[in-house]
Amino acid sequence: MTLLLQEPKQSLNLSNLISISDLSKEDMEKILDTAKNFESHTPLDLLKGVILASCFFEPSTRTRLSFETAMLRLGGSCIGFSEVASTSLKKGESFSDTIRVIGSYADLIVLRHPLEGSARLATYLTTKPIINAGDGANQHPTQTLLDLFTIKKCQGKLDGLHIVLAGDLKFGRTVHSLSLALAHYGVRIYFVSPHSLSLPESIQHQLRRKGVKFSFHSSLKEVLPKADILYMTRLQKERFGEISLENSCLLKQEHLKGVKPNLKILHPLPRNEEIERSIDQTPFAGYFQQAADAIVVRMAILALLSGKL
Amino acid sequence: MKEKTLCVSAIKEGTVIDHITAGKGLKIIRLLQLMEKEKKITIGLNLKSSSMGMKDLIKIENTFLTPSDTDHIAIFSPLATVNVIKNYTIANKFSVNMPKKIEKVLLCPNSQCITHAEHTSTLFFIEENNDMIFLSCHFCEKLFSQEEITEV
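Going line by line, the protein sequences match chains H and A. The first sequence begins at 46 in this note's numbering and counts up one residue at a time. The second sequence begins at 459 in this note's numbering and counts up one residue at a time.
Because the hints were derived from the structure by calculation, they are not lab data. Where is the CB? At the ideal position from N, CA and C, for every residue including glycine. Check each hint, because a few of them may be wrong.
[Claimed, not checked] Simulated restraints, written as ranges between beta carbons of each label pair:
1. H:Asp-204 x A:Pro-525: 37 to 47 Å
2. H:His-250 x A:Lys-562: 20 to 30 Å
3. H:Asp-90 x A:Arg-488: 49 to 59 Å
4. H:Lys-70 x A:Glu-605: 31 to 41 Å
5. A:Arg-488 x H:Pro-88: 24 to 34 Å
6. H:Thr-172 x A:Pro-567: 42 to 52 Å
7. H:Lys-136 x A:Asn-504: 48 to 58 Å
8. H:Ser-131 x A:Asn-504: 24 to 34 Å
9. H:Lys-70 x A:Lys-558: 40 to 50 Å
Modelling step: build the complete structure from the supplied sequences, incorporating the hints.
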């Protein structure tokens, strides 16, 4: 049987957070400004009585825990699951039925699912706000918002920066979302990856349409001296099996000679072999600060989508 | 005129879709879901055309298609023309226009798209770039050429 679509509730001004492509620059600025305010002042009871359903059909550590922490810090409560094994999906229940039911229990739903477009579909199944916490290799918009927050925090601005995106650009959804978001800020982007893991044509097409200046490279060394931000990603081994990054796409401490003093290295984590551990001790390492920034950014997203701000 | 009559017989009442890009005729029958409606259909493949070299042609008897019914055709055959026939003469003739979106009748080629697992009707947005036509899936956000897309 075919599920026919009915019009979902209005897809942003912030009713749902599904894809970075749905967000205007004003929407993004609103979230970043709210997060900055929360850094200095957290309204402890803002989400008192509000229930978040944290629905993770795929493994997650940082995203799930940071959403739940953000909810608790604002006085709200959490229900949910972190693996399919503990749900009725094991009994053959469809994703659609699961979301319909959870939508009748909770006030907001954070959703991670291996299939692409799952979060978009969920907006047709419930009137409750849906937050996409990763849909397969497609989008991870809340990671992007916290990436933007950290970049702005460490560089003092977003406009006009030179940004290197490196690693698995084909399957790494954070790179897809981030490059589209950066299109609003007149940045210069350098994509560094093995040829077999280069940026999908659909993302390239969107960047060209938005007038973004970008180029492709096979080695970090070629572009590092120009970079304000180096954004590294890991191989998405769970999506396509065992291959490895070429040496030219792995960051070693020796690569950091001659870089700009303001360079910051970011990574959505978890990290594998792509950043040498000794780099953690250098002033260039920004990835743990980035992970910490997740809390205020996700607090801002929850507060805005719940309609409490 | 005589040659055309010999190739595909005339119909008294109905719709003739002409100037279909050669090789796309069967695809358009599936796209318009004409097979499911028990229509009496005549199809001509690889017919001679003075303007196109070769073309396909479809005649559907006792069915009168409107522009909104046929705009989907433009994705696969942008030069197609639609003739509404009444009493063996052309009562109305129109070109197909590229739609902005297309719902329900196409499958997403991305096997990881949620529309497959949940049997959801699909929605694609049409984008034109340098005379190329691309279809963007509303759900998985992937972009496809018209050659990659298949009908339900």
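Hints and how they fare:
{"no.": "1", "hint": "H:Asp-204 x A:Pro-525: 37 to 47 Å", "verdict": "46 Å, holds"}
{"no.": "2", "hint": "H:His-250 x A:Lys-562: 20 to 30 Å", "verdict": "25 Å, holds"}
{"no.": "3", "hint": "H:Asp-90 x A:Arg-488: 49 to 59 Å", "verdict": "58 Å, holds"}
{"no.": "4", "hint": "H:Lys-70 x A:Glu-605: 31 to 41 Å", "verdict": "35 Å, holds"}
{"no.": "5", "hint": "A:Arg-488 x H:Pro-88: 24 to 34 Å", "verdict": "57 Å, violated"}
{"no.": "6", "hint": "H:Thr-172 x A:Pro-567: 42 to 52 Å", "verdict": "31 Å, violated"}
{"no.": "7", "hint": "H:Lys-136 x A:Asn-504: 48 to 58 Å", "verdict": "53 Å, holds"}
{"no.": "8", "hint": "H:Ser-131 x A:Asn-504: 24 to 34 Å", "verdict": "58 Å, violated"}
{"no.": "9", "hint": "H:Lys-70 x A:Lys-558: 40 to 50 Å", "verdict": "24 Å, violated"}
Checked against the numbered hints given earlier, this structure breaks hints 5, 6, 8, 9; the rest are met.
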